[in-house]
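K.L.:
Just so you know, the protein sequences line up as chains A and B, in that order. Counting in our numbering, the first sequence runs from 4 upward without gaps. Counting in our numbering, the second sequence runs from 249 upward without gaps.
The list that follows gives simulated cross-link-like pairs (lysine to any residue, SDA-like), each with its CA atoms no further than 25 Å apart:
(1) 509(B) to 338(B)
(2) 109(A) to 155(A)
(3) 184(A) to 107(A)
(4) 555(B) to 496(B)
(5) 509(B) to 345(B)
(6) 109(A) to 488(B)
(7) 184(A) to 288(B)
(8) 555(B) to 155(A)
(9) 109(A) to 277(B)
(10) 109(A) to 547(B)
(11) 108(A) to 298(B)
(12) 108(A) to 273(B)
(13) 109(A) to 295(B)
(14) 555(B) to 353(B)
(15) 509(B) to 234(A)
(16) 109(A) to 171(A)
(17) 509(B) to 529(B)
(18) 509(B) to 545(B)
(19) 509(B) to 425(B)
(20) 109(A) to 165(A)
(21) 330(B) to 512(B)
(22) 330(B) to 511(B)
(23) 108(A) to 295(B)
(24) 108(A) to 293(B)
(25) 108(A) to 292(B)
(26) 109(A) to 299(B)
(27) 108(A) to 276(B)
(28) 108(A) to 289(B)
(29) 555(B) to 119(A)
Hints listed in this document are in silico derivations from the structure and should not be mistaken for laboratory results. Model, not experiment: these values are computed from the prediction.
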Amino acid sequence: MFQDTGFRRRWWLYLLLTVALLVVVTPFVWMVLGSFKTSSELRQVPPTWLPEHPTLDNFTSLFSRLSFGTYFANSTLVAVAVTVGNLLFCSMVGYALAMLNFRGKKVIFALILGTLMIPGVVTFVPLFVLVANMGLVNTLPGLILPFLVGPFGVFLMRQFIMGLPRDLVEAARIDGAGEVKIFLRIILPLLGPAMATLGILTFLGSWNNFLWPLVVAQTNNSYTLPVALALYSTGQNQTEYGLLMAGATVVVLPVLVVFLIFQRHFIQGIATTGIK
Amino acid sequence: MSAPTAARPQKAAPRTRTSRSGGARLEERAGWLLTLPFLLLFLVFTAWPVIQSVFFSFTDIRNKDLRTPFAVDFVWFEQYAKAFADPVFQQAAFNTIYFVVVGVPLTIIVALAAAIALNNGISRFRAFFRLGFYTPVITSIVAVAVVWRFLLHPDSGLVNTVLGWIGINGPNWLGSTTWAMPSLIAMAVWRNFGTGMIIFLAGLQAVPTQLLEAASIDGAGPWQRFRNVVLPIIRPTVLFVMVTTTIGYLQFFEEPFVMTKGGPLNSTISASMYTYQQFSFGNYGFAAALSYLIFVVIAIITAIQFKFLSEKGD
Numbered sequence: 004m005f006q007d008t009g010f011r012r013r014w015w016l017y018l019l020l021t022v023a024l025l026v027v028v029t030p031f032v033w034m035v036l037g038s039f040k041t042s043s044e045l046r047q048v049p050p051t052w053l054p055e056h057p058t059l060d061n062f063t064s065l066f067s068r069l070s071f072g073t074y075f076a077n078s079t080l081v082a083v084a085v086t087v088g089n090l091l092f093c094s095m096v097g098y099a100l101a102m103l104n105f106r107g108k109k110v111i112f113a114l115i116l117g118t119l120m121i122p123g124v125v126t127f128v129p130l131f132v133l134v135a136n137m138g139l140v141n142t143l144p145g146l147i148l149p150f151l152v153g154p155f156g157v158f159l160m161r162q163f164i165m166g167l168p169r170d171l172v173e174a175a176r177i178d179g180a181g182e183v184k185i186f187l188r189i190i191l192p193l194l195g196p197a198m199a200t201l202g203i204l205t206f207l208g209s210w211n212n213f214l215w216p217l218v219v220a221q222t223n224n225s226y227t228l229p230v231a232l233a234l235y236s237t238g239q240n241q242t243e244y245g246l247l248m249a250g251a252t253v254v255v256l257p258v259l260v261v262f263l264i265f266q267r268h269f270i271q272g273i274a275t276t277g278i279k
Numbered sequence: 249m250s251a252p253t254a255a256r257p258q259k260a261a262p263r264t265r266t267s268r269s270g271g272a273r274l275e276e277r278a279g280w281l282l283t284l285p286f287l288l289l290f291l292v293f294t295a296w297p298v299i300q301s302v303f304f305s306f307t308d309i310r311n312k313d314l315r316t317p318f319a320v321d322f323v324w325f326e327q328y329a330k331a332f333a334d335p336v337f338q339q340a341a342f343n344t345i346y347f348v349v350v351g352v353p354l355t356i357i358v359a360l361a362a363a364i365a366l367n368n369g370i371s372r373f374r375a376f377f378r379l380g381f382y383t384p385v386i387t388s389i390v391a392v393a394v395v396w397r398f399l400l401h402p403d404s405g406l407v408n409t410v411l412g413w414i415g416i417n418g419p420n421w422l423g424s425t426t427w428a429m430p431s432l433i434a435m436a437v438w439r440n441f442g443t444g445m446i447i448f449l450a451g452l453q454a455v456p457t458q459l460l461e462a463a464s465i466d467g468a469g470p471w472q473r474f475r476n477v478v479l480p481i482i483r484p485t486v487l488f489v490m491v492t493t494t495i496g497y498l499q500f501f502e503e504p505f506v507m508t509k510g511g512p513l514n515s516t517i518s519a520s521m522y523t524y525q526q527f528s529f530g531n532y533g534f535a536a537a538l539s540y541l542i543f544v545v546i547a548i549i550t551a552i553q554f555k556f557l558s559e560k561g562d
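Please put together the full structure from these sequences, using the hints given.
P.N.:
As structure tokens, then:
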């Protein structure tokens, strides 16, 4: 659409993007700065930008007055387990669907495609009944098991593996390698971009997941971060904004760091895994 | 990896595979072996609940029947009839449609504009801007809610403070039946446009620069180039983003749950949120019927959008 991408000819566009970026990022800056303010300063009219009396009290209260350490550990354990499960199981199925011939393959793929579009809200009632009958309410397995695999991951992996050269697999077969060995030694090392994309999306999805933990985690020591924060922020008590800002900052920063580290692979992965 | 091509003729050599059918059997076994762990989890935790939700929606189970979910009264379409007659559900359905009809086009326009500006308009700091615009997507909705509730506070909020500078007396955004929905939509657009932007960026790579240059030489302005060259090529991408955004917005739940609790006066309650509410009251049968209604609407809309995708796309 535009030809000249020179900096001088496009200064207005840079200006526009910078303004847009400021609008997008302001809430974060506000949140992080707010986490260092006292509750009374946060209530002040007109609001202040920089904290007048910077304090770490909000962060220390998170851990002393709430069990934030527990929520943090729960969120991390669940997100890591769900991510590892999806990466492993979905890549296995992706390989089988893309490169192997076996009876039932078409049925399985149709089943996966069919459930791809079913929203979470449809299944949470029967899923809760199931998990309750298994005795897994308020447990980490109850939070992890329903998300250990997903149709999206399989679809993504299958699409990516279909794009790999078939000759690699054929050659290894002729050399006498078994399918499991081919998967582990040949396919797995080539899945980098797809793994990065699925890994980031799954980790983010799990870390920020809200509805299911809200349903299944009903006691203080099984809360994940978003649930704890939501329940605390909508409680009956006078809202303590300082504490909430600090809590929100603690929720966002880990995933922001994870994303910053892997974003290059993520963008590359989106472009090559066929999510477009 | 480095399989010598010379190995090709020695077909009979491998010990594990003596004949074609033996190989096929091994492949069959490996296929199932690799699929089995996924399949078990998938059947138990995804497929089974999907089937069961239909069953539940025809029954009248409440909290106490959880241990024997099948020893229940069949009420057939009673729950559905109740849903259609329920004024709160009608309001929730209306709000959900409002959210989709206004929110989806806004999200797509902002996402596309950002993607085009980043892809073709600028050369420096592209990665920096891309990351900046994507940050809201990474953020937990609950953190977003905390900050936005604060920004939208009628007295000490930043939004009304800024409006005050130019002499506008801002409303009580989340406390007003008129402004609560627009506030939630603005927040949703802010939070979600980054996803569309990334996918559009991938789609725009497919637009050949020579074609744009040729159009430019022929005297086409930026808008004409967009309309006649870029848009037809990225059409499948636009439809993909449209379908996924619509499905996401039809499930509109977290925003009202953490921002307004559906209020004031049910003006922001959504179909998903009402489902959750009924569930938490223990009306599992009714909640299942509601969620199934949402699913049917999503399926219909998806089917319509896919029809367009296959007709006009390739």
